[in-house]
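First to last, the sequence lines map onto chains W and F.
Mapping to my numbering: the first sequence position 70 is 70, numbers consecutive.
One gets my numbering by counting positions in the second sequence from 1 and adding 294 to each.
Hints are computed from structural coordinates only; laboratory data are not their basis.
Please read all numbers here as calculations on a predicted model, not as lab measurements.
A virtual CB, placed ideally from N, CA and C, is assigned to each residue, including glycine.
Check each hint, because a few of them may be wrong.
[As the list claims (entries may be wrong)] Label-pair ranges, simulated between beta-carbon atoms:
#, chain 1, residue 1, chain 2, residue 2, range
1, W, Gly154, F, Val460, 35 to 43 Å
2, F, Lys693, W, Arg285, 56 to 64 Å
3, F, Lys694, W, Arg285, 50 to 58 Å
4, W, Ala61, F, Lys664, 25 to 33 Å
5, F, Glu544, W, Trp195, 29 to 37 Å
6, F, Lys664, W, Lys291, 25 to 33 Å
7, F, Val460, W, Gly64, 15 to 23 Å
8, F, Gln516, W, Tyr95, 55 to 63 Å
9, F, Pro488, W, His227, 38 to 46 Å
[As the list claims (entries may be wrong)] Below are the DSBU-like pairs computed for lysine-lysine, each with C-alpha atoms no more than 35 Å apart in a straight line:
#, chain 1, residue 1, chain 2, residue 2
10, F, Lys456, W, Lys118
11, F, Lys694, F, Lys456
12, W, Lys118, F, Lys590
13, F, Lys694, W, Lys118
14, W, Lys118, F, Lys484
15, F, Lys665, F, Lys484
16, W, Lys291, F, Lys499
17, F, Lys372, W, Lys291
18, W, Lys118, F, Lys461
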Amino acid sequence: MTTLTLSALCQQLLVGLSKATILFIVSSGLSLVLGVLRIPNIFHGSLYMIGAFMAYTVAVAVGGSAGFWVALVAAPVGVAAVSFVIERVLLSRLYEREHLMLLLFTFSVALVLGDLVKMVWGADYRSLSPPALFQGAFDVFGFPFPRYNLFLLGVGPLVAAGLWRLTDRTTIGQIAKAAAVDREMVGAVGINVSWVFAWVFIIGCFLAGLGGALVAPMQNITQGMDHSIIIEAFLIVIIGGLGNIWGALLGAVIFGLTDAVGILVWPQFAIVFPYVAVVTVLLFRPTGLLKSTW
Amino acid sequence: MKKIFRPTVCLLAALSLIWAAPVIAAKTIKVGIVDCYSGPPSTYTNDVRDAFKLATDRINAEGGVLGRRIEFVTRDSKFKVDIGLSAAKELIMREGVDLLMGTINSALALAISDLARREKIPFFATFSKSAKITGEKGHRYVFSMNENTAMAGRAGAVGLAKRPYVKYWIAGDDYEYGHAIADGVWENLKKLKPEAELLGQSWWKVGEPDFTPYITAILAAQPDAVIVATGGRDCVPFLKAAKATGFNKEVPFFMHTATELSTLLPLGEEAPEGVLGTSNYYFYYPDTPQNQAFVKDFQAAFGRYPKVGALYGYITATFIARAYEKAGEVDTEKFIDALEGMIVDSPVGPLTLRAYDHQVMFPMFMGVTKKSPEYDFLVASEIVTIPGEDVMPTVDEIKKVRGE
Numbered sequence: 001m002t003t004l005t006l007s008a009l010c011q012q013l014l015v016g017l018s019k020a021t022i023l024f025i026v027s028s029g030l031s032l033v034l035g036v037l038r039i040p041n042i043f044h045g046s047l048y049m050i051g052a053f054m055a056y057t058v059a060v061a062v063g064g065s066a067g068f069w070v071a072l073v074a075a076p077v078g079v080a081a082v083s084f085v086i087e088r089v090l091l092s093r094l095y096e097r098e099h100l101m102l103l104l105f106t107f108s109v110a111l112v113l114g115d116l117v118k119m120v121w122g123a124d125y126r127s128l129s130p131p132a133l134f135q136g137a138f139d140v141f142g143f144p145f146p147r148y149n150l151f152l153l154g155v156g157p158l159v160a161a162g163l164w165r166l167t168d169r170t171t172i173g174q175i176a177k178a179a180a181v182d183r184e185m186v187g188a189v190g191i192n193v194s195w196v197f198a199w200v201f202i203i204g205c206f207l208a209g210l211g212g213a214l215v216a217p218m219q220n221i222t223q224g225m226d227h228s229i230i231i232e233a234f235l236i237v238i239i240g241g242l243g244n245i246w247g248a249l250l251g252a253v254i255f256g257l258t259d260a261v262g263i264l265v266w267p268q269f270a271i272v273f274p275y276v277a278v279v280t281v282l283l284f285r286p287t288g289l290l291k292s293t294w
Numbered sequence: 295m296k297k298i299f300r301p302t303v304c305l306l307a308a309l310s311l312i313w314a315a316p317v318i319a320a321k322t323i324k325v326g327i328v329d330c331y332s333g334p335p336s337t338y339t340n341d342v343r344d345a346f347k348l349a350t351d352r353i354n355a356e357g358g359v360l361g362r363r364i365e366f367v368t369r370d371s372k373f374k375v376d377i378g379l380s381a382a383k384e385l386i387m388r389e390g391v392d393l394l395m396g397t398i399n400s401a402l403a404l405a406i407s408d409l410a411r412r413e414k415i416p417f418f419a420t421f422s423k424s425a426k427i428t429g430e431k432g433h434r435y436v437f438s439m440n441e442n443t444a445m446a447g448r449a450g451a452v453g454l455a456k457r458p459y460v461k462y463w464i465a466g467d468d469y470e471y472g473h474a475i476a477d478g479v480w481e482n483l484k485k486l487k488p489e490a491e492l493l494g495q496s497w498w499k500v501g502e503p504d505f506t507p508y509i510t511a512i513l514a515a516q517p518d519a520v521i522v523a524t525g526g527r528d529c530v531p532f533l534k535a536a537k538a539t540g541f542n543k544e545v546p547f548f549m550h551t552a553t554e555l556s557t558l559l560p561l562g563e564e565a566p567e568g569v570l571g572t573s574n575y576y577f578y579y580p581d582t583p584q585n586q587a588f589v590k591d592f593q594a595a596f597g598r599y600p601k602v603g604a605l606y607g608y609i610t611a612t613f614i615a616r617a618y619e620k621a622g623e624v625d626t627e628k629f630i631d632a633l634e635g636m637i638v639d640s641p642v643g644p645l646t647l648r649a650y651d652h653q654v655m656f657p658m659f660m661g662v663t664k665k666s667p668e669y670d671f672l673v674a675s676e677i678v679t680i681p682g683e684d685v686m687p688t689v690d691e692i693k694k695v696r697g698e
């Protein structure tokens with residue numbers, strides 16, 4: 001075991017929080033869709049992967065540091081467009097089906113999207129540079145802290161604030177919350193529930209795309225990115241409370257911090273730490289930390 | 295007369311086709327390739343297949359082997375043992391292949407190897423790195439056309455032992471390949487340099503998105519050097535994190551695949567310099583006419599630089615062709631006898647297939663990543679060649695693990 005120094009621990013907590021940012025962005029989108037549409041969206045991870053690939057393509061096409069910023073906007077919008085087509089053409093016809101059917105449907109879309117990515121982008125590894133502004137590292141508590149992670153630490157609260165405004169301060173947010181509780185009643189007062197669902201779905205998928213675009217400069221952009229993220233995202237949603245986006249925030253922070261601290265204190269078995277946290281939460285709060293909308 | 299003419303012609307034509315079919319079939323040597331062509335591994339396996347095609351096309355253009363063409367069919371294993379194994383069975387039963395090759399997945403390679411032994415069909419493992427294939431699970435019908443974890447481990451240890459590091463940290467992918475590489479390096483390093491000390495280990499799951507927390511933890515332990523045992527897709531993000539944090543400047547580290555083109559090409563100029571790595575092949579080294587010719591042909595055919603898999607595919611075709619020629623007829627047992635101890639020319643110089651364990655004795659090139667004026671990605675520099683004999687487990691060691 002390493003000699004634990006306070007500075008290493010503090011640094012590690014910061015790194016854990018920056019990791020939690022990506023997890024929060026992806027799992028809040030998943031939770032939103034789960035809460036309002038009641039769909040466990042397995043292809044949410046595929047959209048995250050597509051977001052990363054789109055970010056790569058756009059950033060390379062535009063070039064330079066500007067490429068990254070354009071990609072950061074264009075990739076989530078592109079993912080939202082893909083999800084819009086899927087929602088209108090396929091998903092909107094299936095809302096009345098039982099959960100198992102929906103689960104199988106989203107799983108099959110995940111397989112199709114996985115193969116599409118292979119056809120469009122091929123098998124080679126791809127890598128994107130962070131913009132010049134965020135290359136390199138700061139010295140924090142005597143350890144290098146990548147500038148890009150600091151950027152992530154800033155993005156997280158922004159996305160959280162945006163989501164809060166959206167759900168609490170806009171009409172569509174209010175309608176969506178109401179529709180989650182009683183779909184028929186909302187329809188009965190003359191609101192087109194189908195379009196509300198479409199919007200919520202697109203926003204959820206936009207967040208997956210944003211997560212993918214944000215992770216692109218740190219990751220190896222490759223097939224298989226979808227599998228690793230979707231399991232973590234579901235775990236976070238489950239410990240946070242199904243459908244509760246603040247639960248997703250809390251879950252992501254717990255996941256990110258236990259992961260980072262585990263790596264420092266017991267590196268050989270660090271992998272189990274976040275999962276032990278998940279099990280512990282579920283033992284004491286089987287329905288998740290915050291109120292589930294299910 | 296006219297009435298029966300047409301049916302008769304048709305019947306004769308049909309009969310001649312039926313009779314001719316086995317004759318046409320007998321004129322080829324058929325190779326069945328089972329490998330993963332979907333998902334991240336295909337960045338490695340496509341090169342094996344393409345270089346194999348390049349070599350067999352040339353052999354066929356020159357009249358084939360013993361008057362026969364070498365043909366091949368491929369099946370996608372999707373990196374799954376059950377799918378790959380049934381594909382191998384199908385290739386034997388329905389396609390009637392003479393030889394099997396492929397699989398980057400070591401578990402599948404071992405399963406096909408077992409099938410090959412029972413069916414007495416020679417199997418050429420390309421890119422599966424488990425030392426068990428030609429080690430404890432080796433037999434008459436299996437051949438390894440790539441380096442394995444034991445060889446990579448030994449090569450890494452030989453290179454590291456020459457450097458002044460004492461306190462080490464091991465970090466890697468938490469699956470068989472990562473642990474096998476790490477164990478291989480560490481066991482050999484302890485033999486070569488008994489004072490080497492292991493401060494600790496970190497293991498991550500495949501597909502880890504951010505390596506910064508691992509790097510902080512390693513820096514906190516203050517080792518002299520780090521052995522990074524990561525194989526496929528995690529090489530790229532680890533090197534990115536190393537560059538972003540300046541880790542490569544703080545602590546020297548060895549990563550077996552760090553200098554391979556598949557790792558360095560996607561990173562471009564963003565790869566960290568000074569990382570120690572080993573490989574069987576670089577398209578720019580050795581700078582010999584044979585290698586230059588191979589790179590030129592491969593580029594002309596496929597429009598990209600050949601990676602290490604291309605060497606494996608190319609020599610597999612070469613070994614197959616030379617062995618049949620030496621055997622003088624298409625007979626499996628004579629073919630295997632001919633292969634044992636055979637030496638062929640390759641882009642990296644003459645390569646021997648060791649008779650005892652059927653392992654190709656690859657030299658290992660150890661280099662350090664460095665920016666290059668010629669390419670827009672980093673290359674290996676200060677390349678040291680560790681000869682095949684030095685990285686291979688000895689025949690006695692193989693006998694020991696096989697319990698002979």
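These are the hints, each one checked on the structure:
Hint check: W:Gly154 to F:Val460, Cβ distance near 41 Å, so the stated range 35 to 43 Å holds. Between F:Lys693 and W:Arg285 the C-beta distance comes to about 58 Å, which sits within the given range of 56 to 64 Å. Between F:Lys694 and W:Arg285 the C-beta distance comes to about 54 Å, which sits within the given range of 50 to 58 Å. Our hint of 25 to 33 Å for W:Ala61 and F:Lys664 holds, since their Cβ atoms are close to 29 Å apart.
Separation of F:Glu544 from W:Trp195 is about 55 Å and departs from the stated range, judged on CB atoms against 29 to 37 Å. Taking 25 to 33 Å as the suggested C-beta distance range, the pair F:Lys664 and W:Lys291 does not conform, at roughly 56 Å. One distance hint, 15 to 23 Å for the beta-carbon pair F:Val460 and W:Gly64, is violated here, with the actual separation near 44 Å. For the pair F:Gln516 and W:Tyr95, the supplied restraint of 55 to 63 Å holds, since their beta-carbon distance comes to about 57 Å.
A C-beta distance of roughly 42 Å is found between F:Pro488 and W:His227, which places it inside the suggested range of 38 to 46 Å. Our distance criterion of 35 Å between C-alpha atoms is broken by F:Lys456 and W:Lys118, whose separation comes to about 43 Å. At most 35 Å may separate the alpha-carbon atoms for a hinted pair to count; F:Lys694 and F:Lys456 meet this at roughly 28 Å. Taken as a hint, the W:Lys118 and F:Lys590 pair is honoured in the structure, with Cα atoms around 27 Å apart against an allowance of 35 Å.
Proposed proximity of F:Lys694 and W:Lys118 is contradicted: the alpha carbons are some 44 Å apart, above 35 Å. Between W:Lys118 and F:Lys484, the direct Cα distance comes to roughly 43 Å. Violation of the 35 Å bound is thereby established for this hinted pair. The hinted pair formed by F:Lys665 and F:Lys484 meets the criterion: a straight-line CA distance of about 32 Å does not exceed 35 Å. Restraint check for W:Lys291 and F:Lys499: the C-alpha separation of about 31 Å stays at or below 35 Å, so the hint holds.
Pair hint F:Lys372 plus W:Lys291 does not hold up; C-alpha atoms about 41 Å apart against a cutoff of 35 Å. For the proposed pair W:Lys118 and F:Lys461, the alpha carbon gap of about 43 Å is over 35 Å, so the pair is violated.
Consistency with the previously given hints fails for numbers 5, 6, 7, 10, 13, 14, 17, 18, ordered from lowest to highest.
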